[in-house]
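**Q** Chains E and Z are the protein sequences, given in the same order.
Position one of the first sequence corresponds to residue 1 (the working numbering), numbered consecutively onward.
Position one of the second sequence corresponds to residue 149 (the working numbering), numbered consecutively onward.
Hints may contain errors.
Straight line, CA to CA, 20 Å or less: simulated EDC-like cross-link-like pairs of lysine to aspartate or glutamate [as the list claims (entries may be wrong)]:
1. Z:K736 x E:E63
2. Z:K278 x Z:D384
3. Z:K665 x Z:D635
4. Z:K677 x Z:E696
5. Z:K291 x Z:D313
6. Z:K799 x E:D79
7. Z:K782 x E:E111
8. Z:K810 x E:E123
9. Z:K291 x Z:E333
10. Z:K810 x Z:D845
11. Z:K484 x Z:E445
12. Z:K349 x Z:E459
13. Z:K867 x Z:D845
14. Z:K349 x Z:E445
15. Z:K373 x Z:D384
16. E:K112 x Z:D806
17. Z:K799 x E:D109
18. Z:K484 x Z:E514
19. Z:K799 x E:D29
20. Z:K867 x Z:E955
21. Z:K335 x Z:E378
Okay, the calculated beta carbon distance ranges per label pair [to be verified]:
22. E:A62 x Z:R778: 42 to 52 Å
23. Z:V949 x E:D53: 25 to 35 Å
24. E:P91 x Z:W879: 55 to 65 Å
25. Z:F739 x E:E31: 50 to 60 Å
26. Z:D845 x E:P91: 42 to 52 Å
27. E:R85 x Z:E781: 49 to 59 Å
28. E:L114 x Z:M846: 51 to 61 Å
29. Z:E746 x E:D53: 13 to 23 Å
30. E:E31 x Z:R778: 20 to 30 Å
31. E:L114 x Z:W879: 49 to 59 Å
32. E:D53 x Z:A716: 50 to 60 Å
33. E:E31 x Z:L942: 37 to 47 Å
With the Cβ distance kept under 7 Å, some of the chain Z side facing chain E (calculated, not the full set) [claimed, not checked]:
34. L302
35. T304
36. T307
37. R748
38. L751
39. N752
40. G756
Honestly, the hints are just simulated from the structure, not real lab data.
Computed from a prediction, not measured in an experiment: that's the story for all the values here.
Ideal Cβ positions, reconstructed from N, Cα and C, are used throughout, including at glycine.
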Amino acid sequence: MGGRKRIHLLPAGLRKGEIMKAKVLLIEDNEQNRYLMNFLLDKHGYAVVEAFDGPQGVKLAAEELPRLILLDIQLPTMDGYAVARALRANPALENIPIIAVTSYAMAGDREKALAAGCTGYIEKPINPATFMARIERYLDNPPTESSP
Amino acid sequence: MKKTNEAAWVYKTVSILLAVLGTLAFITASSPAADIRTIRVGVYEDPPKVFTDTSGRPAGIFIDILKRIAEDRGWEISYRHGTWQQGLERLARGQIDLMPDVAYTARRDVTYSFNTVPVLSVWSQVYARKSSQIRTILDLKGKRVAVLEQSIQLQTLQTLAGGFDLHLTLIPVTDYETEFRMIAEGKVDAGVTNRFFGLMKAREFGLQSTPVIFDPAPYFFAAPKKGSREVLEAIDRELAAMKVDPQSAYYASLRRWTGEKVRFEIPVWLRMAGLVMGFSLLGSLAAAAVFKRKVRERTRELDRINENLREEERRYRMLFENNPVPMLIYQRVTFKMLAVNDAFVHHYGYSREQALSFVLTDLYPEEEKERIAKVAMGLKGRAYVGEWHHVRADGSVITIVARSHDISFWSTEARIAVLTDVTEMKRLEAELRESSERFAAIFEMLPLGVCITRPEDGVFLHVNSSFGGIVGYANAEMIGHTSRELDVWRRPEDRDAMIRGLSGTGEYRRELILRRKGGAHIPVNLCSKLIPLDGFKRLLVVIEDISERKKAEEAVRELTAGLERRVAERTAELAVAKERAEAADRLKSAFLATMSHELRTPLNSIIGFTGIILMGLAGPLNEEQSKQLRMVEKSANHLLSLINDVLDISKIEAGQLDVGCKLFDVRSSIDKVAGIARPMAEKKGLRLGVEIAPEIDMLASDSRRFEQVLLNLLNNAVKFTERGGVRLTAWLAPPSPGGSHPEIRVSIADTGIGIKPEDFGTLFQPFRQIDTGLSRQHEGTGLGLAICRKLAELLGGRIEVESKWGEGSVFTFSLPA
Numbered sequence: 001m002g003g004r005k006r007i008h009l010l011p012a013g014l015r016k017g018e019i020m021k022a023k024v025l026l027i028e029d030n031e032q033n034r035y036l037m038n039f040l041l042d043k044h045g046y047a048v049v050e051a052f053d054g055p056q057g058v059k060l061a062a063e064e065l066p067r068l069i070l071l072d073i074q075l076p077t078m079d080g081y082a083v084a085r086a087l088r089a090n091p092a093l094e095n096i097p098i099i100a101v102t103s104y105a106m107a108g109d110r111e112k113a114l115a116a117g118c119t120g121y122i123e124k125p126i127n128p129a130t131f132m133a134r135i136e137r138y139l140d141n142p143p144t145e146s147s148p
Numbered sequence: 149m150k151k152t153n154e155a156a157w158v159y160k161t162v163s164i165l166l167a168v169l170g171t172l173a174f175i176t177a178s179s180p181a182a183d184i185r186t187i188r189v190g191v192y193e194d195p196p197k198v199f200t201d202t203s204g205r206p207a208g209i210f211i212d213i214l215k216r217i218a219e220d221r222g223w224e225i226s227y228r229h230g231t232w233q234q235g236l237e238r239l240a241r242g243q244i245d246l247m248p249d250v251a252y253t254a255r256r257d258v259t260y261s262f263n264t265v266p267v268l269s270v271w272s273q274v275y276a277r278k279s280s281q282i283r284t285i286l287d288l289k290g291k292r293v294a295v296l297e298q299s300i301q302l303q304t305l306q307t308l309a310g311g312f313d314l315h316l317t318l319i320p321v322t323d324y325e326t327e328f329r330m331i332a333e334g335k336v337d338a339g340v341t342n343r344f345f346g347l348m349k350a351r352e353f354g355l356q357s358t359p360v361i362f363d364p365a366p367y368f369f370a371a372p373k374k375g376s377r378e379v380l381e382a383i384d385r386e387l388a389a390m391k392v393d394p395q396s397a398y399y400a401s402l403r404r405w406t407g408e409k410v411r412f413e414i415p416v417w418l419r420m421a422g423l424v425m426g427f428s429l430l431g432s433l434a435a436a437a438v439f440k441r442k443v444r445e446r447t448r449e450l451d452r453i454n455e456n457l458r459e460e461e462r463r464y465r466m467l468f469e470n471n472p473v474p475m476l477i478y479q480r481v482t483f484k485m486l487a488v489n490d491a492f493v494h495h496y497g498y499s500r501e502q503a504l505s506f507v508l509t510d511l512y513p514e515e516e517k518e519r520i521a522k523v524a525m526g527l528k529g530r531a532y533v534g535e536w537h538h539v540r541a542d543g544s545v546i547t548i549v550a551r552s553h554d555i556s557f558w559s560t561e562a563r564i565a566v567l568t569d570v571t572e573m574k575r576l577e578a579e580l581r582e583s584s585e586r587f588a589a590i591f592e593m594l595p596l597g598v599c600i601t602r603p604e605d606g607v608f609l610h611v612n613s614s615f616g617g618i619v620g621y622a623n624a625e626m627i628g629h630t631s632r633e634l635d636v637w638r639r640p641e642d643r644d645a646m647i648r649g650l651s652g653t654g655e656y657r658r659e660l661i662l663r664r665k666g667g668a669h670i671p672v673n674l675c676s677k678l679i680p681l682d683g684f685k686r687l688l689v690v691i692e693d694i695s696e697r698k699k700a701e702e703a704v705r706e707l708t709a710g711l712e713r714r715v716a717e718r719t720a721e722l723a724v725a726k727e728r729a730e731a732a733d734r735l736k737s738a739f740l741a742t743m744s745h746e747l748r749t750p751l752n753s754i755i756g757f758t759g760i761i762l763m764g765l766a767g768p769l770n771e772e773q774s775k776q777l778r779m780v781e782k783s784a785n786h787l788l789s790l791i792n793d794v795l796d797i798s799k800i801e802a803g804q805l806d807v808g809c810k811l812f813d814v815r816s817s818i819d820k821v822a823g824i825a826r827p828m829a830e831k832k833g834l835r836l837g838v839e840i841a842p843e844i845d846m847l848a849s850d851s852r853r854f855e856q857v858l859l860n861l862l863n864n865a866v867k868f869t870e871r872g873g874v875r876l877t878a879w880l881a882p883p884s885p886g887g888s889h890p891e892i893r894v895s896i897a898d899t900g901i902g903i904k905p906e907d908f909g910t911l912f913q914p915f916r917q918i919d920t921g922l923s924r925q926h927e928g929t930g931l932g933l934a935i936c937r938k939l940a941e942l943l944g945g946r947i948e949v950e951s952k953w954g955e956g957s958v959f960t961f962s963l964p965a
């Protein structure tokens, strides 16, 4: 990834299309949560691709090759662990960080998520004041300096 | 020595007799003569008592005496010759008036009358050929023995033979002559005669006397029962007179026919010898030399007879003296003691002199004296057996059985008594009786059923009432019947088994079921044993009714089975309950997980959007909007911490909370927690002092939980304090009592409201935030202290609290260093 171009994240609305936004895949079935995280990411200059369930998420990940995947665990038809395993099964996606964002807060839930292939684990409810700082730790070149 | 004794005995006896006889002589003065009458007298051959002499005239002792009496009384006598048997029959039919020489027996007393003064007392003796080996009565076993028919000897011999179990053959003969001839000719082995006849005739027949001698029998004149007693009474009077006069015809006749001289020792012998000599002289002067020789022969014969008699007398005295059984002889009429034997002296303890100074009744205790006198008075002529008491010299009273019969003792009417001491036997008998009665009482009273049966067939011989009670029969229904007849055995083979069992050890024990009368079954414990009883082998059977015990056992068995069943049921119930509890627990965990998830999802939106808006990301807010949104944020966060606390405590309770163990810097952990709490304290205007001892540094424990506890305690302190401040102090303490490690202690002291003593007990329980009415002022889940204490324990430490209501509290958190 060292050969990748540097991306400068700018406030929304400024010089559209001029700069390639960093792409984040959000796999979340709950509409409110999807909107919340989309809003936050968008405000911080990320391009968000949304998937409503696991299979769609796996498909979009392969097509879009996002910089980061935020993965809910409780999903219809295919749970987050299965999705993580499916993503990790694709060699093209192996270096993309997958952050589990879940309301599964019981003992062992974190370990299960990491074992399924997730890179990080964030409990819901998220704290909007610290959320961005936490996910940007997983990016090579986070736009932290330029965030508000 | 013996000779001296003998002489003394004779002397004493003779003197006594003389004294008595002298007295009697006065009393029995001669009677007036009766009417002249003819007396028909039976004659038979029993020399020398009565017989027919060579000239065909009656002769003998009885005849001499009778002639003398007839002379005195003026009676005419006519003789009827015949056998002994014929004489008795004639007398019975009244064909003759008098029969001489008849022994008294009870049976004869029915048919005949007897005079009362015995004419002669004669011993009976067995004679045999010289070669015979007969020494005792036992030697007569299987022998043919001749005895005078219908005689007293015949009866006696029969009795003796029966008593000794001899099976001898008794040959009745008509007279003694015939008898001796038969013995001599070998037709019989032996014969019984009176001693007089034997002495006189044995030599003539070449026979010999044997030592077998019977009781002496007195011989009387007998008359028909129906006839008058006049003749007999006259004979008695005359006889009594003659017997006291040594010169009387009575003694003359005795001398004449027997040479008897034992009655009056020396004088009689001398007189008789003189008489014989006189005869000889007269004969030699008047008759031929042949006659002289005959007299000499006769003299020699008499000498020999005398010698024999002396020998006999000595023998009988020995028999009396040396007999191991106490014996005495007393005068029948006066009861005067005439003789006692050594055994008497020894056994009774009286000296011979003492004994001989007694009369018979002196031996008896006061209460028996009168009665024995009466009894003894009526004993004449018959044998007697009776039980009495005697007093010994030392005053002790013994029970004796006396057997007595008449005896002529130095021509005195006497009785000889043989005394058997039965005191010990009586005592034993009484003891035995008492013991039998006692055992009978025990037998009857026993609560156990006891019976005695015949082992061969099971016939009941004795049963006690308990036995009857158990098997339901009355005793009378059982005695004489077999157990099988009564159907007592439920199975007949049970009795067979018992009999088989007894053949081994002789004892048998078993629990079995018997059948009661009417058919009901009864369980019993049966013991039986073969025992000897009254000379027979008997079966003793003891049964115990164990129906109550069986019932109790059955009840216990049922109870046990019931208990086991209930235990099994309860165990099954508990297993179900446990399964349910586990299922409920799983359900609770699932419920908590789901609730946590489902609550977090909406909270995510609430907290997330609130935060975004407050950050101004959605546009500018006015003052009021910011204020209200912060309230929303605060409530949402409270809800979130409630959810977290509930999760924590249920994880701890389920044992699902794992604590880590890593080295961390205690000082920086404390600083971090204080840093979090400080803004709130400052906001309330409280001082927050932190003092950490220099020795505090690293600790191996779970830093996150350590911080959680401290933060909770610190937040509480700030929350419940309005004035003053909160002070946190950390130091290293020596090991607590019972511990081995030093401890890190962190105490958090406040100047807050404090805790009432009655609230200490519930302080650390979940949802027990102390209700002071101020609860609304002090927000919190009510789970904080409960979680703190449990976490402290999980980390191996503890939390202690001191407080004074209204002045403040100190919470101390200790952990092993």
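**Q** Please go over all the hints and tell whether each is borne out by the structure.
**A** Results for each hint:
1. Proximity of K736 (chain Z) to E63 (chain E) is assessed by CA-CA distance (about 43 Å); at most 20 Å being required, the pair is judged violated.
2. A threshold of 20 Å between alpha carbons decides the hint, and for K278 (chain Z) with D384 (chain Z) the separation of about 40 Å lies outside it, so the pair is violated.
3. For the suggested pair K665 (chain Z) and D635 (chain Z), the alpha carbons sit about 8 Å apart, so the restraint of at most 20 Å is met.
4. As the CA atoms of K677 (chain Z) and E696 (chain Z) are separated by approximately 25 Å, the hinted pair breaks the 20 Å bound.
5. A C-alpha spacing of about 13 Å is found between K291 (chain Z) and D313 (chain Z), which places the hinted pair at or below 20 Å, so the restraint holds.
6. Restraint check for K799 (chain Z) and D79 (chain E): the C-alpha separation of about 24 Å exceeds 20 Å, so the hint is violated.
7. The suggested pairing of K782 (chain Z) with E111 (chain E) is violated, with an alpha-carbon distance near 30 Å, which exceeds 20 Å.
8. At roughly 24 Å between alpha-carbon atoms, K810 (chain Z) and E123 (chain E) are farther apart than 20 Å, so this suggested pair is violated.
9. Distance restraint check for K291 (chain Z) and E333 (chain Z): the Cα-Cα separation of roughly 15 Å lies within the 20 Å cut-off, and the hinted pair is therefore satisfied.
10. With a C-alpha separation of about 13 Å, the suggested pairing of K810 (chain Z) with D845 (chain Z) holds against the 20 Å cut-off.
11. Of the supplied pair hints, the one linking K484 (chain Z) and E445 (chain Z) is violated, its CA atoms being roughly 43 Å apart against a limit of 20 Å.
12. Taking the CA atoms of K349 (chain Z) and E459 (chain Z), the gap is near 18 Å; set against the 20 Å cutoff, the hint holds.
13. Under the criterion of a C-alpha separation no larger than 20 Å, the hint pairing K867 (chain Z) with D845 (chain Z) is inconsistent with the structure, at around 29 Å.
14. The hinted pair formed by K349 (chain Z) and E445 (chain Z) meets the criterion: a straight-line CA distance of about 15 Å does not exceed 20 Å.
15. For the hint linking K373 (chain Z) to D384 (chain Z), the alpha-carbon distance of about 17 Å falls within 20 Å, and the restraint holds.
16. The suggested pairing of K112 (chain E) with D806 (chain Z) holds, with an alpha-carbon distance near 16 Å, which does not exceed 20 Å.
17. Restraint check: the Cα-Cα separation between K799 (chain Z) and D109 (chain E) comes to about 13 Å, which is no more than 20 Å; the hinted pair holds.
18. A C-alpha spacing of about 18 Å is found between K484 (chain Z) and E514 (chain Z), which places the hinted pair at or below 20 Å, so the restraint holds.
19. A threshold of 20 Å between alpha carbons decides the hint, and for K799 (chain Z) with D29 (chain E) the separation of about 29 Å lies outside it, so the pair is violated.
20. Taking the CA atoms of K867 (chain Z) and E955 (chain Z), the gap is about 15 Å. The hint holds against a cut of 20 Å.
21. Simply put, K335 (chain Z) and E378 (chain Z) have alpha-carbon atoms about 44 Å apart, too far for the 20 Å limit, and the pair is violated.
22. A hinted range of 42 to 52 Å holds for the C-beta pair A62 (chain E) and R778 (chain Z), which are about 44 Å apart.
23. In this structure, V949 (chain Z) and D53 (chain E) break the distance hint of 25 to 35 Å, their C-beta atoms being roughly 53 Å apart.
24. For the pair P91 (chain E) and W879 (chain Z), the beta carbons lie near 58 Å from each other, so the given range of 55 to 65 Å is met.
25. A hinted range of 50 to 60 Å is violated for the C-beta pair F739 (chain Z) and E31 (chain E), which are about 26 Å apart.
26. Taking 42 to 52 Å as the suggested C-beta distance range, the pair D845 (chain Z) and P91 (chain E) conforms, at roughly 49 Å.
27. R85 (chain E) and E781 (chain Z) have their C-beta atoms about 37 Å apart, which leaves the hinted 49 to 59 Å range violated.
28. Between L114 (chain E) and M846 (chain Z) the CB atoms are about 28 Å apart, so this pair departs from the stated range of 51 to 61 Å.
29. The hint said 13 to 23 Å for the Cβ distance between E746 (chain Z) and D53 (chain E), and at roughly 19 Å that hint holds.
30. Restraint check, E31 (chain E) to R778 (chain Z): a C-beta distance of roughly 26 Å satisfies the suggested window 20 to 30 Å.
31. L114 (chain E) and W879 (chain Z) have their C-beta atoms about 40 Å apart, which leaves the hinted 49 to 59 Å range violated.
32. In this structure the supplied range 50 to 60 Å holds for D53 (chain E) paired with A716 (chain Z), their Cβ-Cβ distance being about 53 Å.
33. In this structure the supplied range 37 to 47 Å holds for E31 (chain E) paired with L942 (chain Z), their Cβ-Cβ distance being about 41 Å.
34. Because the beta carbon of L302 (chain Z) sits about 135 Å from the nearest beta carbon in chain E, more than 7 Å, this interface hint is broken.
35. The closest approach between the C-beta of T304 (chain Z) and any C-beta of chain E is roughly 131 Å, which is over the 7 Å cut-off, so the hint fails.
36. Interface hint at T307 (chain Z): violated, since its Cβ lies 126 Å from the closest Cβ of chain E, which is beyond the 7 Å cut-off.
37. Checking R748 (chain Z) against chain E: minimum C-beta separation of about 4 Å stays under 7 Å; hint holds.
38. Hint status for L751 (chain Z) relative to chain E: holds, with the closest Cβ pair at about 4 Å, below 7 Å.
39. A distance limit of 7 Å between C-beta atoms decides the matter here; for N752 (chain Z) the minimum to chain E is near 4 Å, and the interface restraint holds.
40. Interface hint status for G756 (chain Z): upheld, as the beta-carbon distance to the closest one in chain E is roughly 4 Å, under 7 Å.
Going down the numbered hints, you'll see the structure goes against 1, 2, 4, 6, 7, 8, 11, 13, 19, 21, 23, 25, 27, 28, 31, 34, 35 and 36, while the others check out.
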